[in-house]
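Protein sequence lines, in the order shown, are assigned to chains A and B.
1 is the number of the first residue of the first sequence in our numbering; add one for each residue after it.
1 is the number of the first residue of the second sequence in our numbering; add one for each residue after it.
Fair warning: there could be bad hints in the mix.
[Claimed, not checked] Listed below are the simulated SDA-like cross-link pairs for lysine to any residue, each with C-alpha atoms no more than 20 Å apart in a straight line:
#1 Lys170/A <-> Pro171/B
#2 Lys170/B <-> Gly163/A
#3 Lys170/A <-> Trp195/A
#4 Lys170/A <-> Asp157/A
#5 Lys170/B <-> Glu225/B
#6 Lys170/B <-> Thr221/B
#7 Lys170/A <-> Lys170/B
#8 Lys170/B <-> Ala162/A
#9 Lys170/A <-> Asp213/A
#10 Lys170/A <-> Thr221/B
#11 Lys170/A <-> Ile223/A
#12 Lys170/A <-> Arg211/A
#13 Lys170/B <-> Arg249/B
#14 Lys170/B <-> Gly226/B
#15 Lys170/A <-> Glu427/B
#16 Lys170/A <-> Asp258/A
#17 Lys170/B <-> Asn161/A
#18 Lys170/B <-> Asp213/B
#19 Lys170/A <-> Asp196/A
#20 Lys170/B <-> Asp196/A
#21 Lys170/B <-> Thr228/B
#22 Lys170/A <-> Thr228/A
#23 Lys170/A <-> Glu225/B
#24 Lys170/B <-> Arg211/B
#25 Lys170/A <-> Thr335/B
#26 Lys170/A <-> Asp407/B
#27 Lys170/B <-> Leu158/B
Keep in mind the hints are simulated off the structure, nothing from the lab.
There are 2 protein chains.
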Amino acid sequence: MTPEEFRTAGHQLIDWIADRRSDVENLPVLAQVSPGQVRRSFEIDAPSETVDFATLLSELDTSVVPGVTQVQHPMHFGWFPSNAALSSVLGDIASSGIGSLGISWESSPALTEVEEVVCDWMRQLVGLSDQWRGTIQDTASSACLVAMLVARERATDLAQNAGGTQSLTKPLVVYSTEQAHSSVAKAALLAGFGWDNVRMVAVDPATYAMRPDALRSAIETDIGEGRTPAAIVAGVGTTGTTAMDPVSRIVEIAQANDIFVHVDAAMAGSAMLLPECRHLWDGVERADSISWNPHKWMGTILDTSLFYMRDIQLLERVMSTSPSFLRSTADGSVTQYRDWGIPLGRRFRSLKLLFQLRLDGIEETRTRLRRDIANAQWLEAQVDATDNWEVCAPVALQTVCVRHRPDGLDGEELDQHTLAWVRSINESGAAFLTPSILDGRWMARVSIGVLGTERQHVERLWHLMRITASH
Amino acid sequence: MTPEEFRTAGHQLIDWIADRRSDVENLPVLAQVSPGQVRRSFEIDAPSETVDFATLLSELDTSVVPGVTQVQHPMHFGWFPSNAALSSVLGDIASSGIGSLGISWESSPALTEVEEVVCDWMRQLVGLSDQWRGTIQDTASSACLVAMLVARERATDLAQNAGGTQSLTKPLVVYSTEQAHSSVAKAALLAGFGWDNVRMVAVDPATYAMRPDALRSAIETDIGEGRTPAAIVAGVGTTGTTAMDPVSRIVEIAQANDIFVHVDAAMAGSAMLLPECRHLWDGVERADSISWNPHKWMGTILDTSLFYMRDIQLLERVMSTSPSFLRSTADGSVTQYRDWGIPLGRRFRSLKLLFQLRLDGIEETRTRLRRDIANAQWLEAQVDATDNWEVCAPVALQTVCVRHRPDGLDGEELDQHTLAWVRSINESGAAFLTPSILDGRWMARVSIGVLGTERQHVERLWHLMRITASH
């Protein structure tokens, strides 16, 4: 394809994207397709002939769009927000158009240095000190794996340079809670700790936050039985209920026992753009690593997950390789992001943040986050004030966990009722919210924070919830 | 930013991209900036004010573009090709514009199923049997780590579900060669094997390919000394010289000893689009996993790395988590790609391949790859026929490894001469090629295969090499 052919098709595509985004409220939130339906709309055999661009776009409309769950829809209240601010989409398009290759500073100095600049801006904007240096990873799952690998190597004085974890005589242990994201346990298992050495520390029954006394006691038991505590993952805004593990207490215990602390603020990192929320991660300065995802609530299109560490030298010692074909005269005076994570090659992802910050501005984002928090508080008040409805967990940010409990309903029957009304809403396409298990029972998570979600949408959802659950 | 503001800015951006791509030959190949130069062109403080789109674009021109090494430049012969075909850029833009979230089938059925369709098309196009199922990863580094983790768990009957690698009594061993990409050793270390348990099997001094007899003997030694061989990484098109490890012999040895084989065809996978090249990975059907990067020679923009396995159940057992908030009624009848790799969230990357296949067509790609192979053979012939120049390794595909050896020059002096003439070319901005170490001595890799590189560009490079090296 020539640049001129690209120009013509590109203009059509921009219009197609703008039209779709304008029209998003007219689409069902949850894709109304059955398993295999999208797949069957394509030929089984690899295509041997080409089509023109207009034909391809109309195939997208027919085959692909109906199979997309519209997470940009203002009635999407599922999982966590996965906003794609159009300013950041432009940054993504610029990154794609530049076609840069990030495998070393030399392969694209701008890719490296703009990432340094933007990660530092983001650090300032969430109020972290300049002890922290950041990088962009694809997701918080990968960031957590990196943190677990660094913690493992820190606890073993870089065992990877000798016999690896295989040579250890005292098992290393990781601490988290059952409220932590599933990626935490996955990271611990992939890092080789083994399920036997993953501790699910008890949480406070009211706040679902890690109990410091239970953490301390688990650590003491492990030490007493000859194991080595290596890492604690503190959740700041856990997936189920946005619970806030007490970072300050946790780092205190960790430092007394020389344990690495990773703060998983994938969701709540965005909240730290608001000074009034920063008390929620009080103590974070003494943690060892932090991850948070602008690609959630803040609205920088996926994949934009920030990962900060204080001891970059340690990170580089665990992650670095320096083969001859990547060496250059600039080594030593520049940042080599390949040594800050798992993949060698990287995209020019910082442009997504740069564009959003420069075009929308951070104050617009802050205003929007405050709107969402107010909307969540409004919904919480409605649920609290309504018979047979209950708020199941503290509303720390923008997620409201609810149950509708008709008189006398409990146990399995309550579960079936919850799943039934939530599915009924979801399958209608009118709105989407996520069922999730809390204390062994299903509840519904209403996660507010799509860019286009205003009070009227939350009101509409609440109306829908009441009529559906009472039906 | 509203959809209408996006529309206006998007059209400007498309023109900007098309203009830049048309103009790429007028830019220096290697970015002509010093360390810190790009960084210093940005404010240290996070921006508090917004700018209009035209201003932002002009800032990109001033601050960012001069810092980009132009890997799309036809005189770029460095590393491996990192082509960004404009058809695939359009697919990337569409992915960004759709703003989909891949965390489960339900969160975007189309994202999952188009990836299934396209990975299967790519399987057919490189001649693999339908025993293989594929997924898109960011890079071959991550794919290799996944393979090492799967191999580790396979060899230990899923030790991660109990004591992890920490509980093993017999160390697991990984086999590769010094010619393998640095990501192989990195993956082995991150997977916890430990450097002591990574074997660099001897290579054939003429072909730089793994010697099967040396592999067999290393395995026998390890078994004899009480260790467990767990994984072999066979390189198909290694980074230094595109050497081809003998996959057929390797899988034979592996199967006799129940060892997992990962085939790293990051570069040469593209060559397998040509039936006449497939003998180069003969035996691949009996391997356990394969990775190859359409984002290299084939030209699908980064990040598009394909990873295929035969035993998907094993992959899922190692990688899966199934938290309640991700469960849905479709479970069991659909593919959950989150269980096929490390990150939970994924982009709609398959559109990049879909667009390239549907707009350019595979025959255009095949014609181009054959052009590049012919150009490499032409250059090889020129070097061979010229006094004081030598081809250092077999030209298996499109990379020609060369040295200029003035009469009597050897050892350190030869190294300095090589580095000097290569750097002189690179720093001029006229062309770019990568110095690399082979047999302990620097040589120059001429890696042919940028979309726009025609015979005239290779001729120009060869002229430049001769005048620069003889200076």
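Status of the hints after comparison with the structure:
1. Lys170/A <-> Pro171/B: At roughly 15 Å apart (the allowed maximum being 20 Å), proline 171/B and lysine 170/A satisfy the hint.
2. Lys170/B <-> Gly163/A: holds, 11 Å
3. Lys170/A <-> Trp195/A: holds, 15 Å
4. Lys170/A <-> Asp157/A: With Cα atoms ~13 Å apart, lysine 170/A and aspartate 157/A stay inside 20 Å; holds.
5. Lys170/B <-> Glu225/B: Satisfied, since the Cα-Cα distance of roughly 10 Å is no more than 20 Å.
6. Lys170/B <-> Thr221/B: This hinted pair holds, its Cα atoms lying about 14 Å apart.
7. Lys170/A <-> Lys170/B: Distance ~16 Å between lysine 170/A and lysine 170/B Cα, so the pair holds.
8. Lys170/B <-> Ala162/A: Holds, because 15 Å separates the two Cα atoms, which is no more than 20 Å.
9. Lys170/A <-> Asp213/A: Violated, because 24 Å separates the two Cα atoms, which is more than 20 Å.
10. Lys170/A <-> Thr221/B: violated, 28 Å
11. Lys170/A <-> Ile223/A: The hint holds at about 10 Å.
12. Lys170/A <-> Arg211/A: Given pair lysine 170/A, arginine 211/A is violated - Cα atoms ~26 Å apart, limit 20 Å.
13. Lys170/B <-> Arg249/B: violated, 26 Å
14. Lys170/B <-> Gly226/B: holds, 6 Å
15. Lys170/A <-> Glu427/B: violated, 52 Å
16. Lys170/A <-> Asp258/A: holds, 15 Å
17. Lys170/B <-> Asn161/A: Given pair lysine 170/B, asparagine 161/A holds - Cα atoms ~18 Å apart, limit 20 Å.
18. Lys170/B <-> Asp213/B: violated, 24 Å
19. Lys170/A <-> Asp196/A: Status holds; Cα separation ~13 Å.
20. Lys170/B <-> Asp196/A: Holds - the C-alpha atoms of aspartate 196/A and lysine 170/B are around 19 Å apart, at most 20 Å.
21. Lys170/B <-> Thr228/B: Within the cut-off at roughly 6 Å; holds.
22. Lys170/A <-> Thr228/A: holds, 6 Å
23. Lys170/A <-> Glu225/B: Violated, at roughly 23 Å.
24. Lys170/B <-> Arg211/B: Violated, at about 26 Å.
25. Lys170/A <-> Thr335/B: violated, 39 Å
26. Lys170/A <-> Asp407/B: violated, 59 Å
27. Lys170/B <-> Leu158/B: At roughly 15 Å apart (the allowed maximum being 20 Å), leucine 158/B and lysine 170/B satisfy the hint.
Checked against the numbered hints given earlier, this structure breaks hints 9, 10, 12, 13, 15, 18, 23, 24, 25 and 26; the rest are met.
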